[in-house]
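Fit chain P to the supplied structure of chain C, relying on the hints for placement.
Taken in sequence, the protein lines are chains C and P. When you line the first sequence up against this note's numbering, it's residues 425 to 657, in that order. When you line the second sequence up against this note's numbering, it's residues 66 to 344, in that order.
Please keep in mind that the hints were generated in silico from the structure rather than gathered at the bench.
Every beta carbon over 10 Å from chain C, so not counted as near; a handful from chain P, in silico:
# : residue
1 : Phe99
2 : Pro254
3 : Pro302
The calculated DSS-like cross-link candidates involving lysine-lysine, where the alpha carbons are at most 25 Å apart (straight line), are:
# : chain 1 : residue 1 : chain 2 : residue 2
4 : P       : Lys253    : P       : Lys231
5 : C       : Lys541    : C       : Lys564
6 : C       : Lys606    : C       : Lys564
7 : C       : Lys644    : P       : Lys253
8 : C       : Lys644    : P       : Lys231
9 : C       : Lys601    : C       : Lys644
Glycine residues also receive a C-beta, built at the ideal position from the N, C-alpha and C atoms.
These are the residues of each chain, in order.
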Amino acid sequence: MAAAASMMPYFAQQISSKNDLVPDWMGQEVSTGTTIMAVEYDGGVVIGADSRTTTGAYIANRVTDKLTPIHDRIFCCRSGSAADTQAIADVVTYQLGFHSIELDEPPLVETAANLFKASCYRYREELSAGILVAGWDRRKGGQVYCVPIGGMMVRQPVSIGGSGSSYIYGFMDSNYKPDLTKDQCLDLTAAALSLAMERDGSSGGVIRLASISESGVERKVILGNQLPKYSTH
Amino acid sequence: MLHSVKPCEQQTGGGFCFENSRRNAVLESSLSEFGYKAPSARKTGTTIAGVVYKDGVVLGADTRATDDMVVADKNCMKIHYIAPKIYCCGAGVAADAEITTQIMASNVELHMLNTGRPPLVAMVTRQLKQMLFRYQGHVGSSLIVGGVDVTGAHLYSVYPHGSYDKLPFVTMGSGASAAISVFEDRFKPNMELNEAKQLVQNAIAAGIFCDLGSGSNVDLCVITEAGVEYLRGYDKPTMKGQRAGQYRYKPGTTAVLTKTVTPFSLDVVDESVQIMDTE
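Chain C extracted, bound-state conformation (with noise of 0.2 Å):
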């Protein structure tokens, strides 16, 4: 990484070790550490993120919002900086709302995961951002895109993202089957973002679920106290 990110941890270990003041976690950026996952179903995708947002130790937000609109049918799933991911998904939603409008008609998700695969890749040395670009659109209905730290941008039926996405590859490799329906997949993300949260310090709060498809999106949040169980715990 340049010069601006090589910098960063030096910052950070000079603010918390010369000023008793300042608690630890000043020094460090905003992370969303995270457990997203998006899932292809015929005539849509069902997408789900936890929402915790941290700055070191600290939890700045549990009931963060990591499932970000970027069009009437298109949504983007954040990981790794909040303030880059924020920054990347309002430039693309500017740039994606703009061809629409040009184009005078919904726009596709291959061009959203695109736009962002463009801005990751082209400023990759300064990013840390890991986006599932997610949706639903006329040409090739429901559609998931990973874009990863680095840029490269890939279709997928079945993606997970964040740093809590380590545990569940195990799970997702033997539960998901392809041609699911809408409440398989939703069942199947509500169950495999709630391993991952019970495992992953930087993964927890809420599960926040939604699934887009042709007659439009809908939103659930599933809380604390109502997650799917598991023996262990």
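Using the frame of chain C, we list chain P on its own:
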């Protein structure tokens, strides 16, 4: 360090050149080798908080500004004016918070004249976060923006790197942990004015007592549709208390029964002068 004459031109693409930040970091490390300390920016320590209640928002702040371990200002103002019904509490580097809020106030005035409309809190937050993101966290100001506009009462917290959160209650600064614990325990949506003021005052007091970087008085700012009430010095929890009594007896406590005066005459035996060394 001096081998490149124009280091900024080597920057890829556009954007800002942070070459001087790298120079500063190198200077700091070489200074500390000789035992010197580079001058550090004054931080406000700080506990700031905000709450959305039934009719608007209540913002609160302590009033201590610190220079490392010394209190530089016992009664500074941390709640800054942005627009007639939008105020901003600032934490982090004192100068950055002050200047950032002044720049925002100017921009908001210009925007109002341009659009012919009163400003939205969301607009102020957007301008703030776009500016802070541009400076990649080098502008060390953490802000709580709260106010009332045509769409209602809103409260945002903005971090130095440019991220923001929209919440019904927020705290920031070194005393944030102390203050948030009060909010997490007693916040309710749609509180009455007195309840809300009491809650914010308690949260700031928690920061004043439990955080070394915060102290002195509690300032409150109540913003509603009707207008703004800036309560400077709303509470002074660290004022010295009144002493209940004194150990020193008042003259006349003991009654004088008799008084005898005996003069004691002395002769001068020896006189000498010694000059004090006052250099």
